[in-house]
Amino acid sequence: MSKPRDYESIPGTYVYDAARGRIGYALNMFCMSLNKAENRQRFKENEAAYLDGFALNAEQRRTVLARDWLGMLRVGGNIYYTIKIAFCDGLTFQDVAGMMSGVSKETYAQMMLTGGRSPDGNRHKDSGPVDTDHG
Amino acid sequence: MAKIVAGIATSHVPAIGVAMDRGMTGTPYWEPLFKGYGPAREWLAKLAPDVAIIVYNDHASAFSLEIIPTFLIGVADKFPIADEGFGPRPVPVVQGHPELAWHLAESLILDEFDMTIANEMPVDHGLTVPLSVTCGQPSAWPFPVIPLCVNVVQYPPPTGARCFKLGKAIRRAVDKFDEDLRVVIYGTGGMSHQLQGERAGLINRPFDTAFLDGMTRDPLALTRITHTEYMREAGSEGVEMVMWHVMRGALDDNVAEIYRHYHVPASNTAAGLMILENRSPS
Chain A
1 MSKPRDYESI PGTYVYDAAR GRIGYALNMF CMSLNKAENR QRFKENEAAY LDGFALNAEQ
61 RRTVLARDWL GMLRVGGNIY YTIKIAFCDG LTFQDVAGMM SGVSKETYAQ MMLTGGRSPD
121 GNRHKDSGPV DTDHG
Chain B
136 MAKIVAGIAT SHVPAIGVAM DRGMTGTPYW EPLFKGYGPA REWLAKLAPD VAIIVYNDHA
196 SAFSLEIIPT FLIGVADKFP IADEGFGPRP VPVVQGHPEL AWHLAESLIL DEFDMTIANE
256 MPVDHGLTVP LSVTCGQPSA WPFPVIPLCV NVVQYPPPTG ARCFKLGKAI RRAVDKFDED
316 LRVVIYGTGG MSHQLQGERA GLINRPFDTA FLDGMTRDPL ALTRITHTEY MREAGSEGVE
376 MVMWHVMRGA LDDNVAEIYR HYHVPASNTA AGLMILENRS PS
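First to last, the protein sequences are chains A and B.
Position 98 of the first sequence, counting from 1, maps to 98 under our numbering, and the rest follow consecutively.
In our numbering, each residue's number is its place in the second sequence (first place is 1) plus 135.
Chain A extracted, bound-state conformation (with noise of 0.2 Å):
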């Protein structure tokens, strides 16, 4: 058994590692697919056909079938993977950033405008307002 992590302290953070990497592989693998046109063009044609191609598990394809992005994310997604659906359906990175952390996309983007979401309160979980542990 693998210990727990330190990184698993970080909130809302999902780190791609071997736990993650085990589940999601199927996952991945599909839409490591759609790099390729051809696949991209039969993926939107039947998504639920296209998907009988690779073993994701129920869950899985629920989270890709409704585009639930964190959700993906809990399974095993790896974004630089996932992100691949997205371009799909015409979105970018920013409009699934904005929609994983729950806020509108001009909520989000004003957010970056102003220099981005501040790391205070943000490094642990449970943490209050103001941590200065450094890792």
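If a hint is listed, it holds; no wrong ones were tucked in.
Covered, in the sense of this in silico footprint (three residues per stretch, anywhere, with C-beta under 8 Å from a C-beta of chain A), are these stretches of chain B:
| no. | stretch |
| --- | --- |
| 1 | 199-210 |
| 2 | 220-232 |
| 3 | 284-293 |
| 4 | 398-410 |
To be clear, the hints were calculated from the coordinates, so they are not data collected in a lab.
Here the structure is a predicted model, which is why all the values come from computation and not from measurement.
Where a beta carbon is used, it is the ideal one built from N, C-alpha and C, also for glycine.
Following the hints, position chain B against chain A.
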């Protein structure tokens, strides 16, 4: 003899490439970022290197999770532009430098860096955006390129200290190459950014500033930053900054900072650029 003459560090945000490809660099959103790239382009055009080694990471383009090389060198004579899921970028094919690349591969492996060797490989925004940032939009790239990929997608990436040592080994190998070539080395990725999860959008300007300062003041101290510290302080994707250490390791102990540019935001990312020149007496 071949010689590494300078190092360039730059972010490789895909949206920067999209902004160039779609002619959006003069918009109010992008203009401040691109204005800061001007002096770097002028400096590089004047330097006119014979070849560039570009240290970058592949983003599910050439390599999937099927095989994950920690360090890889491309030895082909050309590298096509990858389709990353929305068609290839409309930029020139990247010409390689097989003679120097094979020399590096052999030297690095015998110097105990167990490189993966790629004879065929498309290159994605991780490599082409740094070229666009520093060369603009020419009809052909002005110099051949040796791609050097570092895994930063599957945890764990190589440590910063290991990346720095790889840079040292690259320097030793280049110094032994028996042809008068002036080589630049790029370290790409970063700076602070997080693309995933509820914490997406994290930016840490103080961390980035200290990192830029440390490139000249105390690069060895920077190599001791742990992966968890990168992820906690600079965002989960901020760990890409380990690739800057390969570039830094390949330079002299003493370097001069020639130029720096830092801008927030480039999409979700703090975009940094830095030019370093060797300053140790030779």
